Amino acid sequence: MLKWKKISAILLCLCLLLTAAACNSNDSSTPSSSQPSGNSESGESGGNDEVNETALPITDEPVTFTMWKVWQNDYIESINDIESIKKSAEETGVTIIYNTVATTAAVEKFGMLLASGDYPDMIDHSETAVSYPGGGDKAIADGVYLDMTSYVEQYMPNYSQLRLQDEELAKMTVTDSGKMWAIYMMRAQTDGALMAEPAWIGMVIRTDWLDDLGLNMPVTIDDWTTTLTAFKDEKGAEAPLMIGPKGFVINDYFASAYGVKRDFYRDGANVKYGPLENGYRQYIELMRQWYADGLIDQNFISNTSEMIMTAEYGATGKSGAGTNMWGLSQQYYLETGQTEDANIRFEAVAGPVLNVGEVCQSKFPSYIATNQISVTSNCSNPEIVAKWMDYQYTVDGLIRNYYGIEGDTYETVDGKPVYTAKILEPEGNFTTGDMLAMNVRGDGVGLNAWDRWDQAYDHEKLKAREVWDADGLGLVLPRITMTDEEGLEYNNIFTDIKTYVEEKTVAYIMGTESMDTYDAFVQHIYDLNIEKCLEIQQAALDRYNAR
Amino acid sequence: MMVQKKSPSKITFDIFNHVLLILIAGICIVPIIHVVFASISDPALVDTYSGIILWPLGTPSLNGYNYVFKYQKIWMGYRNTIFYVVVQCVITSVLSIIAGYILSRKRFRYRNVLMGFIAFTMLFNGGMVPTFMVVRNLGMYDTRWAMLIPSAMNVFYIIIMRTAIQGIPDSLEESARMDGAGEFIIMFRIILPLCKATFAVIILFVAVYKWNEWFPALLYLDGESRYPLQMFLREILIKQVDFTNQADAMERLQLYKVLVKYCVIVVSTLPILCVYPFVQKYFVTGVMIGSVKG
Amino acid sequence: MNVFRNIATDFRRNKAIYFLCIPIVAWYIIFCYMPMGGIAMGFQNFSPAKGIFSSPWVGMKHFRDFFGSTYAWRSIRNTLIISLMDLLFNFPMPIIFALLLNEIVSHKFKRTVQTISYLPYFISMVVMCGIIVDFTKSGGVISNLVSQLTGQPAQNLLGNASYFRPIYIISNIWQGVGYGSIIYIAALSSVDQELYEAATIDGANRWKQTLHITLPGISATIIIMLILKMGTMLAVGSEKILLLYNPATYETADVISTLVYRKGFVDYNYGFSTAVGLFNSAVNTTLLLITNGLSRKYSETSLF
Chain A
0 MLKWKKISAI LLCLCLLLTA AACNSNDSST PSSSQPSGNS ESGESGGNDE VNETALPITD
60 EPVTFTMWKV WQNDYIESIN DIESIKKSAE ETGVTIIYNT VATTAAVEKF GMLLASGDYP
120 DMIDHSETAV SYPGGGDKAI ADGVYLDMTS YVEQYMPNYS QLRLQDEELA KMTVTDSGKM
180 WAIYMMRAQT DGALMAEPAW IGMVIRTDWL DDLGLNMPVT IDDWTTTLTA FKDEKGAEAP
240 LMIGPKGFVI NDYFASAYGV KRDFYRDGAN VKYGPLENGY RQYIELMRQW YADGLIDQNF
300 ISNTSEMIMT AEYGATGKSG AGTNMWGLSQ QYYLETGQTE DANIRFEAVA GPVLNVGEVC
360 QSKFPSYIAT NQISVTSNCS NPEIVAKWMD YQYTVDGLIR NYYGIEGDTY ETVDGKPVYT
420 AKILEPEGNF TTGDMLAMNV RGDGVGLNAW DRWDQAYDHE KLKAREVWDA DGLGLVLPRI
480 TMTDEEGLEY NNIFTDIKTY VEEKTVAYIM GTESMDTYDA FVQHIYDLNI EKCLEIQQAA
540 LDRYNAR
Chain B
0 MMVQKKSPSK ITFDIFNHVL LILIAGICIV PIIHVVFASI SDPALVDTYS GIILWPLGTP
60 SLNGYNYVFK YQKIWMGYRN TIFYVVVQCV ITSVLSIIAG YILSRKRFRY RNVLMGFIAF
120 TMLFNGGMVP TFMVVRNLGM YDTRWAMLIP SAMNVFYIII MRTAIQGIPD SLEESARMDG
180 AGEFIIMFRI ILPLCKATFA VIILFVAVYK WNEWFPALLY LDGESRYPLQ MFLREILIKQ
240 VDFTNQADAM ERLQLYKVLV KYCVIVVSTL PILCVYPFVQ KYFVTGVMIG SVKG
Chain C
0 MNVFRNIATD FRRNKAIYFL CIPIVAWYII FCYMPMGGIA MGFQNFSPAK GIFSSPWVGM
60 KHFRDFFGST YAWRSIRNTL IISLMDLLFN FPMPIIFALL LNEIVSHKFK RTVQTISYLP
120 YFISMVVMCG IIVDFTKSGG VISNLVSQLT GQPAQNLLGN ASYFRPIYII SNIWQGVGYG
180 SIIYIAALSS VDQELYEAAT IDGANRWKQT LHITLPGISA TIIIMLILKM GTMLAVGSEK
240 ILLLYNPATY ETADVISTLV YRKGFVDYNY GFSTAVGLFN SAVNTTLLLI TNGLSRKYSE
300 TSLF
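Protein chains in written order, with numbering that gives the first Met the number 0: chain A, 0 to 546; chain B, 0 to 293; chain C, 0 to 303.
Isolated chain A, as found in the complex (with noise of 0.2 Å):
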């Protein structure tokens, strides 16, 4: 009985062993072979004077670079599957093999691959998911990412031109030093006008209630607090607004109308810390009386996420406002059934302020410059790189990229590329982001088409965009930088005065520690230096305005 068991085991191991055995062999993706293309302009290699214009192929011999994106999908198995991405290949004789990571090991992943020190040619940080330790300057010190500068002057036209024309974008582009360690992907109209995308998440608010109970859009202060009273004990409201887990909302509304944010924020040119002025107080004052009356959320404190006010609370008429997205404004959860209630309506509201005639400083940054692709030193040919890339930069590179395929994905209207229904209208349980995903490249380097989603999407809560993008940026830190040092050192004194201030200031809104410790606990946060933290912030802040 035993032996034939044992035999029995043996053999399933054996069967599996040459199972593995075989699948392996198959599971390396070849990469697809580019032809040149039947172009008739023959590859001419160097930059063309005019702009938006670079001849295809790019190089006479195909050549093939690997790139290292944060990617997942749940349909296909690899990016290099994407058909547009094979024909995008076979026209500029450039194939590009994606090393895809899941934004859940990203992190890890980053750490090992520069470990390693096996480095594929080009790196996507993927709207920084991950970033090199120590900054830019620092990747390029260590020999690990190149400084393009001088292939972006000579083999970059598209792209030079692109982040010249704006100085803020000229500064955000480099290093504190000068140097372009990354290219970056750029936000874009499909036309390829360069335009940041409009604040994508902020405020709603229900406005079949306010319509209810006679009330206007609130702006001050004050109107909230009239507003949520008025939801708790007419419309039955057990949380009026959800903020977030540390107890503030996005962009830090409430507080920025006190003029200050929950940490560092900018003052003209100075930078400063929310804690240790007065309107953080106020603020803090603000939200304890809140809590206690029971205006915002009693388990604000067990929310796991800032961003999103669950369909829990939205659609059930537990809350009236919160943070959501554009797309689920509206109607949007009765049209999905989660709610039976066909009033229902969320719309967008602006930041609040502390008296009539002000505009909030603080909203969603949303960047022109956004997701970095660096060249590593390991790349053997970094002017074809390079020349890829600026193609990227043009229309047509745009529309290769996150229109697809003429015919397949989407058809020329008038001039402008338009969806077609194989992506509007999918089949089966696909949506239109699935069909997307496996059909086009999407983000990466060059131009990014974000206008492509007002196809796809409702035009009514398109609007909410608007609403937050009114609001201003005055409080908002640009995207500064430490050096290596500064950095670690900050990051051990920050971390312990983050833990504190998140400690007191929920303890201070939810009513378990009495006002009467808050001198002391702005003093406290001195003493644990943050003035070193300060001085490290305005250095940085100081370095980028002199960029």
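Heads up, a few of these hints could be off.
As the list claims (entries may be wrong) - FRET-style restraints, in silico, Cβ to Cβ:
1. B:G25 / C:F52: 46 to 52 Å
2. A:D190 / B:P270: 50 to 56 Å
3. B:L53 / C:L86: 47 to 53 Å
4. B:S170 / C:E102: 45 to 51 Å
5. C:G236 / A:D190: 27 to 33 Å
6. B:G115 / C:W56: 29 to 35 Å
7. B:L272 / A:T63: 45 to 51 Å
8. C:R295 / B:K69: 55 to 61 Å
9. B:P7 / C:M124: 44 to 50 Å
10. A:G293 / B:L53: 24 to 30 Å
11. C:N204 / B:V93: 40 to 46 Å
Stated by the list, open to error - Facing chain C, a subset of chain A residues (Cβ under 7 Å, in silico):
12. P132
13. E284
14. Q288
15. D292
16. G293
17. Q297
18. E357
19. Q360
20. E501
As the list claims (entries may be wrong) - Below, in silico cross-link-like pairs of lysine-lysine (DSSO-like), each with a Cα-Cα straight-line distance of 27 Å or less:
21. A:K170 / A:K231
22. B:K195 / B:K280
23. B:K195 / A:K421
24. C:K107 / B:K280
25. A:K317 / A:K245
26. C:K228 / B:K195
27. B:K195 / C:K109
28. B:K105 / C:K14
29. A:K85 / B:K105
30. A:K245 / A:K421
31. C:K60 / A:K245
32. B:K72 / A:K85
33. C:K207 / C:K296
34. C:K60 / A:K531
35. A:K178 / A:K231
36. C:K239 / A:K497
37. A:K415 / A:K85
38. A:K415 / A:K462
What the hints contain is simulated information worked out from the structure, not anything from laboratory work.
The structure presented is a predicted model; accordingly, all values stated were derived computationally and were not measured.
Heads up, the beta-carbon is just placed ideally off N, CA and C, and yes, glycines get one too.
Please arrange chains B and C on chain A, whose structure you already have, making use of the hints.
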């Protein structure tokens, strides 16, 4: 089985015991019910429901499961995980028996040294980065071996195997050796049958551990084609928790995501639960060790 | 030289054993001892791109940073308290559960309860914590229960620092008692039945039998498990706490691993986490050696 006259205190105890155990089972089953019923509920309602789901919401449907099974990667994950589980069980249990056997032989003078050598590794380890470098330098990166070899041995299993083997009288080994048996024969034909229960426990533990494992896959595997099931599951689950950019958040617009999360849990947990009944029979009270008195 | 001669003698006597040792020792050297060199990272300003050999040395800086943190001692204190509570309340549970199950005569009942009890172990942490959060919100099942017992209005229990540890421990028990009892059930199955029969004849009741036959019978297993547990006292897991804690409960919930996570995870500061890991290992080793020594003195079982 022994025959016992039931005294009144025994009866009270029995009742109390049964009730208590039923209570415990009841508490344990709550999360299961929640997950199972959530998986067959109406997706829109699952999103908006506060609390524990003790009955299916809305009209029960298998939509979530249809969705999941269309998701090709699940099958790939299953295949890979089953492979890893089976092979790892074989490798680890064999190595554990060998190690446990060696460590229990009193004639092996340095067995305590070896034990110390092994146990020391439990306390100090170099961490993720150096282990990764070792695996990489051995050429195992992105291969299935990377999932199987670095986790082949576990001090805990060696220890419990050793403890079990120590309970076997030496006389058995002596008489076998006198009959001319070599070490392997002694290990597998004499010792192993006598520690069936412990051996079964190790196999169960390895199987469960391997089934749930995802971290080595995260570190050592590149291609999704070799990913175990839990990697896919984890991606689905974690994505629910926070969003940092519009693409993530837009994905959440898909209603099925919440539902699918529960379905995937059921789908990925069910198979391993079926292993337990097979292993259970080794735990039957009364394996007659006593009958093998020398 | 004497040592070598002794080894030689032993080798001759036990050739087969030494050959069997080879794969095992080799594995440990390759996968455990070689990577141990990584401990050097604890003394370096480690940069992944530079690797262990080229990263600059900073000596005890990471240790100074850790212990200099305002929260270092709090996190150590919390780690020890949670570990101790886990030891006191969680460790005996699977044993008791196994013993109770052992008393059941009906196989079917036994199997059913066993199988159900070990199911929660398989619910992934994220979902489990979601359930816990839901139960303990103000309005959740548990918080309502607690409010009835204490007479206070229902509150969000996870927002109250004094409730964190009980919630953490009890949910550990809930999730782990079934799975944890498996090893004891296995050990119970090897207790000689004849001993029970003899004891019944001698007139011992079930309780006395448990005390004098069952417990000693599985004592080896219990002690080994205890020693191993002592070797992980400082390793209170961060994943669960990260999912359950929040600024209102940092006071009791912030443990070493969560502090390290916040401080060391940014910017791949592996050096920092390695240094703290070293500290943990040192303490764990000490505890383990003490427990091992004690058990060797007072019982026949010990790890080494």
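For each hint, the structure was consulted:
Roughly 58 Å separates the CB atoms of G25 of chain B and F52 of chain C, a value that falls outside the hinted 46 to 52 Å. Between D190 of chain A and P270 of chain B the CB atoms are about 53 Å apart, so this pair conforms to the stated range of 50 to 56 Å. Hint check: L53 of chain B to L86 of chain C, Cβ distance near 34 Å, so the stated range 47 to 53 Å is violated. Range check, S170 of chain B to E102 of chain C: Cβ separation about 33 Å, and the 45 to 51 Å hint is violated.
The hint said 27 to 33 Å for the Cβ distance between G236 of chain C and D190 of chain A, and at roughly 53 Å that hint is violated. Between G115 of chain B and W56 of chain C, the C-beta spacing of about 30 Å keeps the proposed range 29 to 35 Å intact. L272 of chain B and T63 of chain A have their C-beta atoms about 46 Å apart, which keeps the hinted 45 to 51 Å range intact. For the pair R295 of chain C and K69 of chain B, the beta carbons lie near 59 Å from each other, so the given range of 55 to 61 Å is met.
Take P7 of chain B and M124 of chain C: their Cβ atoms lie about 46 Å apart, and the range 44 to 50 Å holds. With their beta carbons about 28 Å apart, G293 of chain A and L53 of chain B fall inside the hinted range of 24 to 30 Å. Remark: the range hint 40 to 46 Å for N204 of chain C to V93 of chain B is upheld by a beta-carbon distance near 44 Å. With a least beta-carbon distance of about 4 Å to chain C, the hint placing P132 of chain A at the interface is held under the 7 Å criterion.
Using the Cβ-Cβ criterion of 7 Å, the hint placing E284 of chain A at the interface with chain C is not satisfied: the shortest such distance is roughly 18 Å. Hint status for Q288 of chain A relative to chain C: violated, with the closest Cβ pair at about 18 Å, above 7 Å. At about 15 Å, the closest approach between the beta carbon of D292 of chain A and any beta carbon in chain C exceeds 7 Å, and the interface hint on this residue is violated. Because the beta carbon of G293 of chain A sits about 11 Å from the nearest beta carbon in chain C, more than 7 Å, this interface hint is broken.
Hint status for Q297 of chain A: holds, given a least beta-carbon distance of 5 Å to chain C, under 7 Å. For the restraint placing E357 of chain A at the interface with chain C, the shortest Cβ-Cβ distance is roughly 30 Å, beyond the 7 Å limit, so the hint is violated. Here the hint on Q360 of chain A is broken, as its CB sits about 26 Å from the closest CB of chain C, past 7 Å. Interface restraint check: E501 of chain A against chain C, minimum CB-CB distance 4 Å, threshold 7 Å, status holds.
Taking the CA atoms of K170 of chain A and K231 of chain A, the gap is near 47 Å; set against the 27 Å cutoff, the hint is violated. Under the criterion of a C-alpha separation no larger than 27 Å, the hint pairing K195 of chain B with K280 of chain B is consistent with the structure, at around 10 Å. Among the hinted pairs, K195 of chain B with K421 of chain A is inconsistent with the structure: their alpha-carbon atoms are about 59 Å apart, more than 27 Å. Annotation: proposed proximity of K107 of chain C to K280 of chain B holds, straight-line Cα distance about 12 Å (limit 27 Å).
For the hint linking K317 of chain A to K245 of chain A, the alpha-carbon distance of about 20 Å falls within 27 Å, and the restraint holds. Our distance criterion of 27 Å between C-alpha atoms is met by K228 of chain C and K195 of chain B, whose separation comes to about 25 Å. Distance restraint check for K195 of chain B and K109 of chain C: the Cα-Cα separation of roughly 20 Å lies within the 27 Å cut-off, and the hinted pair is therefore satisfied. The suggested pairing of K105 of chain B with K14 of chain C holds, with an alpha-carbon distance near 14 Å, which does not exceed 27 Å.
For a cut-off of 27 Å, the pair hint linking K85 of chain A to K105 of chain B is broken: about 66 Å separates their Cα positions. With a C-alpha separation of about 43 Å, the suggested pair K245 of chain A and K421 of chain A falls outside the 27 Å cut-off, and the hint is violated. Proximity of K60 of chain C to K245 of chain A is assessed by CA-CA distance (about 31 Å); at most 27 Å being required, the pair is judged violated. Restraint check for K72 of chain B and K85 of chain A: the C-alpha separation of about 23 Å stays at or below 27 Å, so the hint holds.
Among the hinted pairs, K207 of chain C with K296 of chain C is consistent with the structure: their alpha-carbon atoms are about 26 Å apart, no more than 27 Å. A C-alpha spacing of about 18 Å is found between K60 of chain C and K531 of chain A, which places the hinted pair at or below 27 Å, so the restraint holds. About 55 Å separates the Cα atoms of K178 of chain A and K231 of chain A, which puts this hinted pair outside 27 Å; it is violated. Taking the CA atoms of K239 of chain C and K497 of chain A, the gap is about 21 Å. The hint holds against a cut of 27 Å.
For a cut-off of 27 Å, the pair hint linking K415 of chain A to K85 of chain A stands: about 23 Å separates their Cα positions. At roughly 22 Å between alpha-carbon atoms, K415 of chain A and K462 of chain A fall within 27 Å of each other, so this suggested pair holds.
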